[in-house]
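Whenever a hint applies, use it, and build me the whole structure from the sequences.
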Amino acid sequence: MKKAYLLLADGTLFEGYSVGYEGQSIGEVVFNTGMAGYQEVLTDPSYYGQVVTMTYPLIGNYGINFEDYESRKSWVSGFIMREIAEHPSNWRCRLTLDEYLKEQKVVGLAGIDTRRLTRKLRGEGVMNGVIYTEGFEPDEQAVAAMKAYVVKDAVRAVTCEESRTYPAEGEQKYRIALYDYGVKYNIERELQKRGCEVVTIPALTPPEEVVGRFDGVMLSNGPGDPAENVEIIANLKKLLESNIPIFGICLGHQLLSLAIGAETCKLKYGHRGVNHPVKDLDADRTYITSQNHGYAVVGGSVDPAVARVRYVNLNDGTVEGVEHVGRPVFTVQYHPEVCPGPMDTSYLFDKFIKNIEKAKGGAQ
Amino acid sequence: MPLRKDIHKVMVLGSGPIVIGQAAEFDYAGTQACRALREEGLEVVLVNSNPATIMTDKAMADKVYIEPMTVEAVQQIIKKERPDSLLPNLGGQTGLNLAMELCESGFLDQMGVKLLGAKPDTIAKAEDRQMFKDTMEKIGEPCIASKVVHTVEDAVEFTREIGLPVIIRPAYTLGGTGGGIAYTWDELREIAATGIMYSRVDEILVEKCITGWKEIEYEVMRDAKGNAITICNMENVDPVGVHTGDSVVVAPSQTLCDKEYQMLRTSALNIITELGIEGGCNVQFALHPTSFEYAVIEVNPRVSRSSALASKATGYPIAKVTAKIAVGYGLDEIENAVTKKTKACFEPTIDYCVVKFPRWPFDKFVYADNTLGTQMKATGEVMAIDNSFEGALMKAVRGCEIKLDSMIVPRIRQQTDAEVKKGVARTDDQRLFHICEALRRGIMTIEEIHEVTTMDTFFLHKFQNIIDTEKALATADAVDAALYLRAKKMGFLDKTIEQLSGKDISAVKRLPVYKMVDTCAAEFEAETPYYYSTYDEESEVKPASGKKKVLVLGSGPIRIGQGIEFDYCSVHAVWALQKLGCETVIINNNPETVSTDFDTADRLYFEPLTPEDVTGVAAAEKPDFAIVQFGGQTAINLAAHIEKLGIPILGTPAWSIDAAEDREKFDVILEKCGIPRPAGHTVMTEEEAVKAADELGYPVLVRPSYVLGGQGMEIAYKEEDVREFMQVISRNKVENPVLVDKYMMGREIEVDAICDGDDILIPGIMEHFERAGVHSGDSISIYPSINIEQKHKDTIIRYTEALAKNLAVLGLVNIQFVLYNDQVYVIEVNPRSSRTVPYISKVTGVPMVDLATRCMFGEKLRDMGCGTGLHPESDHYAVKVPVFSFQKLRDLDTQLGPEMKSTGEVLGVSTSFREALLKGLTGAGFQMKKKGAVLISVRDSDKQEAIRIGERFESLGFDIYATSGTANVLNRHMVATNAIRNVDEPSPNIIDLIESGKIDYVIATSVKGRHPELGSVHIRRTAVERAIPCLTSIDTASALLRCLEGDVKIENCEMVDINKI
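These protein sequence lines map, in sequence, to chains A and B. The numbering of the first sequence is numbering that gives the first Met the number 0, which starts it at 0 and goes up by one. The numbering of the second sequence is numbering that gives the first Met the number 0, which starts it at 0 and goes up by one.
Hints are computed from structural coordinates only; laboratory data are not their basis. A hint or two may mislead.
Said to hold, decoys possible - Not the full set, but computed from the structure, chain A residues with beta-carbon under 8 Å of chain B:
#, residue
1, MET34
2, ALA35
3, THR54
4, GLU82
5, ASP112
6, ARG121
7, LYS278
We put the beta carbon where it would ideally sit given N, CA and C, even for glycine.
In structure tokens:
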């Protein structure tokens, strides 16, 4: 068994054994607390530029199947777990996790004290690191590059080049433009299920190509610092001038918030897992949500005349969702499309559809 | 929503005596609930018949009623106390059923009592088979093809539609009593008949058998606002077919992908929402192993054994939160007590693996049927935490106190390949070890084992990893650091590594580190020091507070002979130490208990109680002292090791414990004190035993030393008996000597005392109703004694004092005496806490554990305000009645003897002895039928006394039946008796008579023997299976008669608040 390592920016070294692809890879080291769902995590474009650590110790138990991908490939810069299952068991299992990581050229590290790493990240915040296999030791230059690393141009890296159309399931009722900032397949599936033809469009598609041609706009999740997407934010401002119903998820929520003048900030160690409680202040109800974000909208920065914070995180009070005043527009920081995670908030897609219906009705 | 304004006084129902299927988990739940309610300033009225519990402690509730858990008794208490609400969902099935009955009869409405937590229609929807099915159908949740029937004929007819095999589940029973899987038509008829009989409403469910599907459980919670969350999911290593209480269970699920996990989670939340449950709830699913098809097996609308496990597995206090929800709070308003930073409205996530392993009673009950099915048989369980499945499993196995350190079972090692394969195919308590042996020998592949057992290959590969490590150790030239670490991560003890490798490992040995259980996988900083060991890099043990630190050893899994009472003692020791300003560290591995609650001790180590595991904790914590006398035999067995570690033991020293057990050393002390004991010898072999018995004269008492609960102890009336018992003892690999004593059939007396080194305090002298020969745990016990003359009491006090001093007792001591021919003999001395400490503490008001703990710190009894010598006798009688779980253990002889068989106990308390006895018997489940028929079949030595018993039943108007020998004697003495044919005679015989339903009581003391094929055993088993009270001692029959003869009824008894005694 080959050794593998994680070297953090502060000099801490973790030694374990190599799984998946052998090599060297730099990224922002983060942790995810979900106990199942590693296949969806690996293929979620929001993890672009990140080395993901799973806090649950037994990973790969049910292998990899061909149905649960959330995008066409894996985007993580590295994958860390305590123990990888050599003999997965599940009726849909087609590959072992090790085989998949090799195929996707994801450098993996297993056998380390993942709790120690997590506690470190919790205490000091997300940190850059380099993950490497024995024989791929980083030289000084690589270490310097690691320390200087920032996730940049992330949306450009993950968005599609051309638009793709997904037919509605059953009778087609609506046409939705889905801005791909790093979209997960299940957003498409949730809309298709509800009678929508979904056209997934590149992140930089000008709003003029959308307004008037679609019944609603969906803004997807995605990776990186939201504030760097200046062009997209400008586009969204324009989009907001129309009265088209919009629903934004995760990065989509952050970008739309920036478009109305709010600010975003980086969280110390983010929210990555499937157990985050979010309170709907209007309904006095709390939902368990799936989350994956390192940035958040600053609470006080949302202009109440334009929009109000309707959803907050019960643990740390951060903004989890915004409802626009007088417009059929709302966004959430968490992932109602789940995969992985609890399906408790999928009703938000229904809400989006209702907004569309209302808008259509008004137009007629 | 904050606290409801209309709630001020809440009645909490406990779960009654410990029986298989309902153990200490409800003491844990009830205790948490009482504390949570009192935190809110509510007045709490507690009812529980089980005196060994912590929840019935004076300090736990404002009013504490140790009264029978029957409608009549609880109605009386409600009338007296007038609570405004009733919390029914923390007292197991017993509490829930009782609440339902009170509610259905309209009594609660009449009294203006609100039912909290669960509405009656909610309970009915979850518990009534047909309503449950309809409800599931309504919300589109799949159930298994099934039908509710009330007759055997209907069961057969429905089975013709769906095909064999089918599962029979009786309605409203706990632990699946009376249920089973029928593979043939004969089996179907038999099980259906039994099931209908056991059901409270003569109702069974006939269900398509889905044996082999994955069994997955979800623990979910919901509040009145509709917030619904999952606490934990669990996967049974044994697929559907084995009761979850008898399954090895792992948390979280291991073989489910996110889609499957979320599918079942959503289903569980839909169900709890539809049922409108407010509080905790358990949902069991069967998941098809090769598709997304699933079925809801069962919903428990209350906290359960699984919720106790989920609480301990995640750190999330389900019972406490359930109580808070019941009085009005929303999940989003309740604090997460572990992190103190987040709210209770979130889903715990864990970063380790939890394995639960059942503790079965088959080491004691060697003739009982040890196959596992839908009826639970385990008396308790252990839980283990590690960051690998293998490590957790190995911890669980060695912590289970079944004489195993790993997956290697010496007896199975010696079996032939054919026997091993047969063992793999037989679903019993040994199957897991047979699987490991098959893998070890390579005689079956993982695929083959999967075919036979339907266990998921994921788990089989894990077992293979353990076996591979065994082999790597056995073949290694040297155990280097890497191999050592691999073995440690797999859960091997140092001594096992040494044994397997035959190598010295001192150079590579290291201690574990300790990680924290924090509900959130380290995402937030946690406040509660709840730890488990791993072989990792970083330890999270918090620095010492600077206070004196005391290590308290817990008592491990609940088993027959060592029950919840030792947890009571351990917890009280912790509380006493905290009052003394100490920092407390507890080690225990029983998830059902209060001692393993995260806020009981200052630091909790969820670890097995073995020398090596204790060494690790001691090294991490560096305690100033240790206490061993409260954790039963489990802790006592570790005393010598603790001393070796250089940790001073508070209280009675280790040598004294040894002296009390070692025949020769003990004889020296007795001689010095001039105290007589029944003559006896210590032997090592069968031949020596026979010789000793000849010398002493029969009958003799044969027992292994260093055991608890009279394990392996038997009365031998003849040589064959001695030989049989010795063979059983040696089969269990007992290395300690065996004691053969003269058996004296006198009155048994028991004393618990506290000694401070100078003075003693005896809170009370207890007298047993049954004569010596019946284990003290199985006897009806009376306090204060009613038949002991003052001169004997004086002798007992004198002996107790002498023994306590000469054994250097500091703390508690339990002594058993026998009064025989007007002389007091000592039978046994246990320099530790005992089964009777909780109830005597409660009835006398002497806080025994508290006083004992203070004695260890040098305080003197005479300064503590409870006096010395014999404590003044209470004006209340307390009658302790044992409770058995015979219905669940097929083929077990119910004959009482020196080996303990009861699983729990109840107490009856009253100023009148007869009332106390009635309450005790009623609480233990006797129906007190005052007319009908009694069947008597007694051994020769009991025949004279049977005459009086017969006369008394006759004068009550009972019809009397007896086997020929007994009938002759009775008829000759003018007791009109119908003679009936014995078991070995042609039908219709005694068995037919019992099965006819004509008989209301059976008194069967005849021929001693344990083999299920013996006639007398057959009689007793038939009675048990027909739920007919079967008395196996003349004395017990006499106790029952005393109650039947009086005109006292529970309805007329005064209900006693023990806080007022």
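Hint by hint, here is what the structure shows:
| no. | hint | verdict |
| --- | --- | --- |
| 1 | MET34 | 5 Å, holds |
| 2 | ALA35 | 4 Å, holds |
| 3 | THR54 | 4 Å, holds |
| 4 | GLU82 | 6 Å, holds |
| 5 | ASP112 | 4 Å, holds |
| 6 | ARG121 | 6 Å, holds |
| 7 | LYS278 | 6 Å, holds |
Hint compliance for this structure: every hint is met.
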